[in-house]
Amino acid sequence: MILTYILFVIGIGLLIKGADYLVEGSSSLAHKLKVPTIIIGITIVALGTTMPELIVNIFSAIKGTPDIGFGNIIGSNIANILLILGVAAIIKPIKIE
1 MILTYILFVI GIGLLIKGAD YLVEGSSSLA HKLKVPTIII GITIVALGTT MPELIVNIFS
61 AIKGTPDIGF GNIIGSNIAN ILLILGVAAI IKPIKIE
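In terms of our numbering, the sequence shown opens at residue 1 and continues consecutively.
Worth flagging that the hints you see were computed from the coordinates, not collected in a lab.
In silico DMTMM-like links for lysine to aspartate or glutamate, alpha-carbon gap of 25 Å or less: (1) K63 with E53; (2) K34 with E24; (3) K32 with D20; (4) K34 with D20.
So the derived label-pair ranges between C-beta atoms look like this: (5) S28 with P66: 36 to 42 Å; (6) G18 with I38: 18 to 24 Å; (7) T65 with T37: 38 to 44 Å; (8) L54 with I81: 16 to 22 Å; (9) L15 with L83: 19 to 25 Å; (10) I74 with I96: 23 to 29 Å; (11) D67 with I10: 37 to 43 Å.
None of these values were measured; they are calculated from a predicted model. Glycine is no exception: its CB is placed at the ideal position from the N, C-alpha and C atoms.
Generate the whole structure from the sequences, applying the supplied hints.
Shown next, in the form of structure tokens:
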């Protein structure tokens with residue numbers, strides 16, 4: 001039980017350090033390519049949020065269960081659209097004319 005907590009704390013520490021390296025590397029890449037940092041940031045976030053769905057879809061195709069991949073694609077897109085739109089509307093209300 002105590003080993004679980006120790007590993008959890010170590011994992012959180014490694015996650016924080018890895019995030020620092022990612023931010024520093026992304027910022028450096030943006031400066032070297034002379035691209036705004038927001039563009040690099042958005043690209044990395046997009047890749048990071050898409051990777052789990054991509055892996056699930058690849059494995060479902062390999063195992064011959066395309067229904068899982070199809071459901072993952074539909075569910076992920078619905079959740080992304082509704083959650084992102086909802087959070088954006090909470091932060092800044094959207095006016096509909």
